Amino acid sequence: MNVLPNILFLFGSLLCLNSILVLATPAMAAQEKRDHLAEMAKIEKPTMMHHHVAKPILVPLDDSATAVLWKPDLSTLPLTITSGEIKLPKTGVDNYHVVVAKQQIDNLKKTFIHYIYRHGKPSGHSTSKVALANKAELEIIPDPIPREHDRYYSMQGWSFIVHFQGQPLSSHPVELKTENGSLLQQNTDNRGKVTFVLPDDFPNVTPGKRDKRSAAMTISTQHQSGSQQWQTQLASDYSINESYWRSTNWGIITMIIGLIFGGVFIRLNKAKTGIKK
Amino acid sequence: MNYLTNLSVIRKIVQILAFIFFVYGGAVTGYYLSDKITSALPALSCAYDKQGSDFCVLIPFQHQMHHRLGEAIASGGNIMMALLPTIITLATFLILFVILNKAFCGWICPLGTFQEFLHMIGQKLGLQRKESLEHNVVKKIRPIKWFVLVLLVFTFPLLAGLGYANHDLGDSFCRICPSRILTTLAVGDTTQLHVDTANTTTIVLSIFADLMFGLMLAFALTIRQPFCRICPLLALHAVFKKLGLLRLVKNAVPRCDKCGLCAKACPMDIKEIHTDMTSKDITFDDCTLCGRCVEFCPDKNVLQLKYATIPIFSANPQYFKKRKKAQTLWEKANLVAYFREKKQHKQEPKN
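Here the protein sequences line up with chains A and B, keeping their order.
Just so it is clear: in the first sequence, position 267 is 276 by the working numbering, and no numbers are missing.
Just so it is clear: in the second sequence, position 140 is 463 by the working numbering, and no numbers are missing.
Only true hints are included.
Straight-line alpha carbon distances no greater than 30 Å define the calculated DSS-like cross-link-like pairs of lysine-lysine that follow:
1. K373/B / K144/A
2. K111/A / K130/A
3. K373/B / K218/A
4. K221/A / K373/B
5. K186/A / K144/A
6. K665/B / K655/B
7. K373/B / K130/A
8. K99/A / K373/B
9. K666/B / K655/B
10. K373/B / K186/A
11. K373/B / K64/A
12. K648/B / K447/B
13. K373/B / K138/A
14. K202/A / K118/A
15. K655/B / K594/B
16. K645/B / K623/B
17. K565/B / K463/B
18. K186/A / K111/A
19. K447/B / K665/B
20. K669/B / K447/B
21. K373/B / K202/A
22. K644/B / K447/B
23. K335/B / K587/B
24. K373/B / K80/A
Honestly, the hints are just simulated from the structure, not real lab data.
Since the structure is predicted, the reported quantities are computational estimates derived from the model, not experimental observations.
Use the sequences and the hints to build the structure in full.
In structure tokens form, the structure reads like this:
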């Protein structure tokens with residue numbers, strides 16, 4: 010009896026069986042698709058995620074503020090703020106774009122920054138190019154921005170660098186606020202870097218059940234030099250950590266079962282398999 | 324034998340360097356996916372590895388089937404425009420593939436390298452190695468890679484895009500790929516070794532992936548290249564193997580019929596290297612162009628690795644003798660032999 014191919018076929022069959030189960034029940038597949046679309050609709054907000062549809066971006070500045078969209082090649086497009094919202098034009102270029110809105114009220118300069126992924130032709134530029142470009146006098150730069158297909162998750166540590174006029178601001182207070190009510194404060198280090206572990210503050214999360222909710226968060230800081238004041242805010246979304254429904258412990262146990270099974274299989278069957286020394 | 328003239332040693336050095344570069348090279352190339360070198364590598368280097376320098380062509384293929392072609396067909400969009408990214412990815416893949424052909428498997432692939440090193444560890448631990456699988460077993464295993472390529476890389480993602488299959492089947496191969504688990508673990512990220520309880524599909528896929536990874540670890544200690552035999556990239560390479568410049572060439576002589584050392588040396592157990600007496604180009608579907616068959620061929624120029632028309636490594640009786648001797652020495656040195664010898668030394672004075 011050749012056990013090795015049978016094992017491989019067994020795994021293949023398991024996988025096919027699962028697919029057949031899904032495919033053979035169109036109602037179930039369609040329901041899952043509807044659920045997914047409903048979930049996506051619920052979470053569709055301006056964010057750093059990989060969305061196809063760009064929703065209007067809420068800007069916490071007056072309509073008199075000026076706003077521009079930085080493209081991956083560092084060219085800019087003027088934007089219009091209407092009733093505190095910005096509707097993004099299509100650029101036809103893939104990769105992260107940055108919305109930068111500025112407003113001056115007497116001696117106070119306010120800046121709002123938001124990174125958003127847009128789809129289109131490959132931009133041919135590294136994401137780091139637009140992140141490192143000097144876009145405002147006082148700027149909070151994600152270090153790094155969540156990669157394409159990635160996003161901010163609760164319980165993860167993410168870093169940000171505070172720059173003032175292109176130079177890092179050390180020992181400077183930075184604040185992180187979330188829509189769910191958390192508030193974190195930290196000071197930057199010598200390189201102007203601050204790292205926050207994003208709060209696990211989503212209510213009613215059920216362990217073992219996928220939950221695609223996200224919430225808004227802002228990272229903000231201010232700086233004063235003489236009578237001039239600067240305030241800046243980086244806005245984004247963060248999502249529930251996947252560890253609620255993805256268990257690494259069970260993953261390790263399953264892998265060990267596979268390992269043991271493989272070892273026992275080889276030991277027991279070396280005489281009767283098609284394996285020859 | 325001088326190590327630097329031993330093709331297997333040279334290949335191991337290249338494999339180690341390639342492993343380091345593709346698994347950790349993001350420090351040089353950049354963190355973002357837009358920084359990666361080609362995004363269509365003909366080897367299993369994973370995009371989930373955030374420190375990697377490039378990722379395999381199967382990732383964009385699945386993504387394009389799911390989010391471009393499938394969704395374009397479902398929404399009545401422009402199918403040609405939806406196919407354009409796939410054509411660009413395929414073109415990029417082919418440019419790379421023409422240069423090295425299937426040697427991406429035997430010389431570059433991080434997962435292939437890992438399995439080879441596991442096999443070496445198994446040998447050094449003195450585990451009873453399986454030199455080769457029976458041909459009928461090999462023949463039964465061979466079609467699996469085609470099913471994996473057609474079903475998991477193209478069909479399921481396309482069906483997910485069309486709305487006929489679960490969204491989680493949109494990247495069905497990635498979800499079971501051992502390279503995803505290996506490369507992320509290699510950079511200290513344990514999140515990809517998980518059981519995902521989101522729904523039935525994710526539970527089945529994640530358990531399958533973890534079990535298969537465990538099985539691969541166990542099998543690789545005694546069997547050569549266990550996962551490579553069912554790898555969909557091997558199948559994709561087979562489709563385009565005629566375009567590659569690097570090839571395995573055979574100038575058969577009557578002695579070939581009786582010898583068979585080449586087939587015994589082959590890590591993929593391709594018996595046809597030995598039995599095929601008519602074909603000139605013997606870069607078979609399962610071949611990884613590792614060159615071991617050429618090393619262990621005792622007859623001058625019978626087997627050759629050729630780049631276009633230029634022979635770059637040819638079978639040679641002198642090389643064969645040295646190589647065989649080196650191999651025997653290498654295989655003798657293992658923990659079981661060491662302890663056996665030590666035990667004998669202890670017993671000798673008593674006797």
